[in-house]
Amino acid sequence: MLKAWLGISDPRQLSSLWAAADACRRHWVGDAVHLRGLIEISNHCRRHCHYCGLAAGQEG
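Using my numbering, you'd call the opening residue of the sequence shown number 1 and step up by one each time.
Among the hints, a few may not be true.
To be verified - Quick list of the computed label-pair ranges, beta carbon to beta carbon:
(1) Met1 x Asp22: 12 to 22 Å
(2) Trp5 x Val29: 15 to 25 Å
(3) Arg25 x Ala4: 38 to 48 Å
(4) Gly53 x Ser9: 35 to 45 Å
(5) Asp31 x Ala4: 39 to 49 Å
Quick caveat, the hints were computed from the structure, so don't treat them as lab data.
Note that CB positions come from ideal geometry on N, CA and C, so glycine has one too.
Construct the entire structure; sequences and hints are all you get.
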């Protein structure tokens, strides 16, 4: 289904798809924007989250 959506080029179909996506976003997330950031106090961490440069086991 995603492949089919990515192949849409008709402006009317795209508009309908964007409207449905926006309605879904508004329902589940709303219009609020939340910004989050990491405040580094040290470079020591014991977690292994695999996305953060401070995670245990990361070098550098």
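Against the structure, the hints come out as follows:
Distance hint check: the CB atoms of Met1 and Asp22 are about 18 Å apart, consistent with the given range 12 to 22 Å. The hint said 15 to 25 Å for the Cβ distance between Trp5 and Val29, and at roughly 19 Å that hint holds. Roughly 20 Å separates the CB atoms of Arg25 and Ala4, a value that falls outside the hinted 38 to 48 Å. The beta-carbon spacing between Gly53 and Ser9, approximately 40 Å, falls within the hinted interval of 35 to 45 Å.
Our hint of 39 to 49 Å for Asp31 and Ala4 is violated, since their Cβ atoms are close to 29 Å apart.
Going through the hint list in order, the structure does not satisfy hints 3 and 5.
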